[in-house]
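In order, the protein sequences belong to chains F and W.
Those letters in the first sequence? Residues 0 to 204, per numbering that gives the first Met the number 0, in order.
Those letters in the second sequence? Residues 0 to 204, per numbering that gives the first Met the number 0, in order.
Hints in this document: simulated from the structure, not taken from any laboratory.
All figures in this text were calculated on a predicted structure; none of them were measured in a lab.
One thing to keep in mind: the hints can contain errors.
Since the list gives no way to pick out one identical chain from another, each pair is judged satisfied if it fits inside one copy or across any two copies.
Unchecked claim - Cut-off 27 Å, straight-line C-alpha distance, at most; resulting in silico cross-link-like pairs (DSSO-like, lysine-lysine):
| hint | residue 1 | residue 2 |
| --- | --- | --- |
| 1 | K114 | K192 |
| 2 | K192 | K169 |
| 3 | K92 | K70 |
| 4 | K2 | K171 |
| 5 | K123 | K38 |
| 6 | K169 | K38 |
| 7 | K70 | K169 |
| 8 | K70 | K171 |
| 9 | K123 | K169 |
| 10 | K112 | K171 |
| 11 | K114 | K171 |
Number of protein chains: 2
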Amino acid sequence: MYKVGIVLFDDFTDVDFFLMYDLLGRTANSWTVSILGTKPEHNSHLGMTVKTDRHISEVVSQDVVLITSGKRGVPAAMRDAEFMSALDLNPAKQLIGSICAGSFILHELGLLKDKPLTTNPDAKAALQSMGGDVQDFPLVINGNIATAGGCLSLVYLIGWLAERLFDSSKRKSIQNHLIPAGQLALFEELITKTIYSAESANLHN
Amino acid sequence: MYKVGIVLFDDFTDVDFFLMYDLLGRTANSWTVSILGTKPEHNSHLGMTVKTDRHISEVVSQDVVLITSGKRGVPAAMRDAEFMSALDLNPAKQLIGSICAGSFILHELGLLKDKPLTTNPDAKAALQSMGGDVQDFPLVINGNIATAGGCLSLVYLIGWLAERLFDSSKRKSIQNHLIPAGQLALFEELITKTIYSAESANLHN
């Protein structure tokens, strides 16, 4: 069973965490999901409190590490030496993903040096000013690292993960519960097109 | 300022509540959002704890009432006499919405008698067996009552709400933060088409 660790911090964007957590919870016997943080619990932007399962230093023992987002939470986390130094990620052995401003953290860690990446559109300029090569795509893949931008792109990110670890049948079993009634074919086409375009661009890196 | 009440109960589906709550939190000075329940806090399907702001009987003082969902949570809520009798809704004076299995509750309350409605596709047969006229659409509107099916249809439901209370500019200001990078035009077309189709069908009721 794969170990998936979600990296959380204070002032995280609610939907970026909760939609990710819900999608990951839509399949049994695929992976165990742990919430990792620097404290026993972290508070969301809208005031929700989420208990962490393990200290963030345990990212090293995860097969998959996913970074959440937060307009104020990410900059604060990046200023936190304990947080940044504990994020000892290894893209040679782990699958790594981020949603929205989570890619700022991967960029700051040097994991996306001279590589294309994405974030939510309203954070594009800030990431560019840090030297990020920001693409106007919902999902950008570099080997084992996938960045996604715009909260709903979590469907693409977790879909990519399901296909990398399992297959398209696993992806569908996760996403289909969330798709609007009567629009399954439309979303399936959009999701596969988005993921396969990102994988195809990755081949040329 | 409009008062929006979200009706919560134990064993609610995480994303149905959290995506709704996050979307409603994406606009300032439009509405105040209260979480209503029978207890001081309710637990989600995945074990999250959410504090309620007011007792469910205060639905009567809300301008908008939104019903969340839960595969096990909804049937349990419908068996709870305190819960059902407190849901004194008035579609002549209130806007009422539901996501996924939330429409079972509106149907049980008699608010959608002989009216079309929707739910998540895997709950369609169960709602039909209760006598519901289930449509294969993501959003079905009857006057002031809108039912939505499939969690991501929350974007349509809250979009409908923003257009009913304000305008399309308010809808865009809420939804655009969540749209996948590079896919804004595609989603705007999908969202307007879905909402306007539902409104158009409503005119013929």
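Evaluated hints:
In this homomeric assembly, K114 and K192 come within 27 Å of each other (Cα to Cα) only inside a single copy, at 22 Å, whereas the closest approach across copies is 37 Å. Taking the closest pair of Cα atoms, K192 and K169 come within 27 Å of each other only inside a single copy of the chain (17 Å); across copies the shortest separation is 30 Å, beyond that limit. Taking the shortest Cα distances, K92 and K70 never come within 27 Å of each other, neither inside one copy (29 Å) nor across copies (37 Å). In this assembly of identical chains, K2 and K171 lie within 27 Å of each other by CA distance solely inside one copy; the values are 20 Å within and 37 Å between copies.
For the identical chains of this complex, K123 and K38 are neighbours neither inside a copy (29 Å) nor across copies (42 Å), given an alpha-carbon limit of 27 Å. In this assembly of identical chains, K169 and K38 lie within 27 Å of each other by CA distance neither inside one copy nor across copies; the values are 33 Å within and 37 Å between. Taking the shortest Cα distances, K70 and K169 sit within 27 Å of each other only across copies (21 Å), while inside one copy they are farther apart (32 Å). With identical chains, the CA atoms of K70 and K171 are at most 27 Å apart between copies only, with a shortest distance of 19 Å across copies and 31 Å within one.
In this assembly of identical chains, K123 and K169 lie within 27 Å of each other by CA distance solely across copies; the values are 23 Å between and 32 Å within a copy. Within a single copy, K112 and K171 get their C-alpha atoms no closer than 33 Å, and across copies no closer than 34 Å, so neither meets the 27 Å cut-off. In the homo-oligomer, the alpha carbons of K114 and K171 never lie at most 27 Å apart, since the shortest distance is 29 Å inside one protomer and 31 Å across protomers.
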